Amino acid sequence: MVQSRAAKLLLRAATSLTLVFIYLPLGVITLYSFNDSRSLTWPIPGFTLHWWGKALDNPGARDALLTSVKAGLGATGIALVLGTLAALAVHRYQFFGRETISFLVILPIALPGIVTGMALNATISTVFEPIGISFGLLTVVVGHATFCIVVMYNNVLARMRRSSRSIEEASMDLGADPWQTFRHITFPQLRTALLAGGLLAFALSFDEIIVTTFTAGPVKTLPIWIFQNFARPNQIPIINVVAVIVILLSMIPVYIAQRLTQESGILRRR
Amino acid sequence: MQLGLLLAPPLGWLLIAYLGSLAVLFISAFWSVDSFSGDLVRDPTLHNFRTLVETPVYRQITGRTVGIAAAVTLADALLAFPIAFYMAKVASRRMRGLLVIAILMPLWSSYLVKVYAWRIILQEDGLFNWLLSPFGLSGPGFGDVATWLVFTYLWLPYMIIPIYAGLERLPDSLLEASSDLGGRGWLTFRRVIMPIAFPAVVAGSIFTFSLSLGDYITPTLVSNTQFIGNVVYDNIGVAGNLPFAAAFATVPVVVMVAYLLVARRLGAFRAL
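Sequences listed follow chains D and W, in order.
Going by this note's numbering, the first residue of the first sequence is number 1, and it counts up by one from there.
Going by this note's numbering, the first residue of the second sequence is number 271, and it counts up by one from there.
Calculated from the structure, these hints are not laboratory results.
Fair warning: this is a prediction, and the values are worked out from it, not measured in the lab.
There's no promise every hint is true.
[What the hints assert, rightly or not] Examples of chain D residues lying across from chain W (beta carbon under 8 Å, computed):
id, residue
1, R12
2, F21
3, P25
4, L82
[Unchecked claim] Every beta carbon over 10 Å from chain D, so not counted as near; a handful from chain W, in silico:
id, residue
5, D304
6, V311
7, T315
8, V327
9, Q330
10, G333
11, A372
12, Q393
13, P404
14, F412
15, M464
16, G510
17, N511
Built from N, CA and C at the ideal position, the CB exists for glycine as well.
Just chain D, with the same shape it has in the complex:
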């Protein structure tokens, strides 16, 4: 290798500092969740488990958590189907506009959230509401699914590009019908990619706030609940606890997804 010992030391120091930078705020909020005092002054005067008990009993927070989980599961389910279908089409067939598919699926997440939110808001109020679907959990699911498709698409496509088509062909040659081939050959090859993509999509949906603001109407997901409660000073200790719960619930799926697979990009785990 080219690097000198000094260069290695510098790189190691820079890496450590960057990691401290990334995890410092998460550590700080975790400490505050055990804060004895109602004020947010640093240093923290003393520690207590009082607010954890209060937060876990808070009906608003519990409802919001349940809503977030439902929205996440719904969005992940839809994104899983749509993203996989698009990936299968792009992988298997040559067709006009094939190159633009990857552009199209990335658009909802690459454009600023407020734009995606406004666009969906307009669709819901002009198309969905007249047919009886008003703002609520269902519209949140629709919004989240739209930007989660890309995660499934990228994961599944990357997996298919690596696995060999000849096993499927062998299966067909041996007399399996398309459904049997899919069930016994294609699906097992894709299984961990689907699971990893699904976990990522769930994490993505779980803490989204901007698109949610424009699609939720009266429904409160956990991030919306937190945001609305910022304005109420007596709720601060409970928000601190809920914040730590959000950190845990959105990081654990990512951790599992990463362990399931190995290498990675932002939008995929191969």
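Put chain W on the given structure of chain D with help from the hints.
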């Protein structure tokens, strides 16, 4: 027609639910609101865009938003490079795996909570000022600098991962060849590492730039200044001027679509 069956659901969803509504949004940017009745007037007019260009406040807000997005992208690229290089070229295999997990875990998670944590850290009697006070210094408080800092923090992992993936593909033998041929550190960096890592930096910048352009939550929590997102949000809600909100929202869209087209040409999509 198997292809049609595969493509119809995802394309139908994206074209109708998403592109369709984007188009409606874009068209409504040319509408206006009757100042007496507050009703939508659907006659096409350039009024909203003229207001955007001619009003100094909006020019300033656009400049601030794009400027901070650019400053965030630059800061993230500079911060991401050393750790990405360490991960790709110095760390052991085991260490590399741990670092990838350590960077990825906070990437997609707890956005709002992280901004909130920074709000606590940066406030008057928070951790930041407490750390600086022994030196007789004080932190930036809430404002543009705080927004820049929090954006840089939030989107840093989006920059680290593509650069790491790009550098990992760079064979060690190229670095050795460069050094054998007398290339010193800086020359090797500029002539060997940079050309290969550049698409990865562009890929990361899609996120750092775009996410900064449209965000209104972070400025609301750690600043008192206005960004494009804040104006758009206020015009949808309080002011009730949807056409003007749509017109202002097209600014980041036009910037991002142009950016994405250039990024794709530079091969950045393969680095995602």
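Here is what the structure says about each hint:
With its C-beta approaching chain W no nearer than about 7 Å, R12 (chain D) sits inside the 8 Å limit, and its interface hint holds. The interface hint given for F21 (chain D) holds, since its Cβ lies 7 Å from the closest Cβ of chain W, which is under the 8 Å cut-off. Taken as an interface hint, P25 (chain D) checks out: its beta carbon lies about 4 Å from the nearest beta carbon of chain W, inside 8 Å. Hint status for L82 (chain D): holds, given a least beta-carbon distance of 4 Å to chain W, under 8 Å.
With a least CB separation of 19 Å from chain D, D304 (chain W) remains clear of the 10 Å interface cut-off, as annotated. Chain D leaves V311 (chain W) outside its interface by the beta-carbon criterion, the shortest separation being 17 Å against a cut-off of 10 Å. Chain D leaves T315 (chain W) outside its interface by the beta-carbon criterion, the shortest separation being 19 Å against a cut-off of 10 Å. With 10 Å as the threshold on Cβ separation, the claim that V327 (chain W) sits away from chain D holds: the shortest Cβ distance comes to roughly 19 Å.
Listed as outside the interface, Q330 (chain W) is consistent with that label: its C-beta sits roughly 19 Å from the nearest C-beta of chain D, beyond the 10 Å cut-off. Residue-level check passed: G333 (chain W) sits 17 Å from the nearest beta carbon of chain D, beyond 10 Å. Its closest Cβ contact with chain D, about 6 Å, brings A372 (chain W) to no more than 10 Å, contrary to its assignment away from the interface. Interface exclusion of Q393 (chain W) from chain D breaks down, the closest Cβ pair being 7 Å apart, not more than 10 Å.
Distance check for P404 (chain W) against chain D: the nearest CB is about 13 Å away, which clears 10 Å, and the non-interface claim stands. Even its closest Cβ contact with chain D, about 14 Å, leaves F412 (chain W) beyond 10 Å, as expected for a residue assigned away from the interface. Distance check on M464 (chain W): its Cβ is at least 15 Å (rounded) from any Cβ of chain D, clearing the 10 Å threshold; non-interface status holds. Every Cβ of chain D is farther than 10 Å from the Cβ of G510 (chain W); the closest lies at roughly 14 Å, confirming the non-interface assignment.
The non-interface label for N511 (chain W) is consistent with chain D: the shortest C-beta to C-beta separation is roughly 13 Å, beyond 10 Å.
Checked against the numbered hints above, the structure breaks hints 11 and 12 and satisfies the rest.
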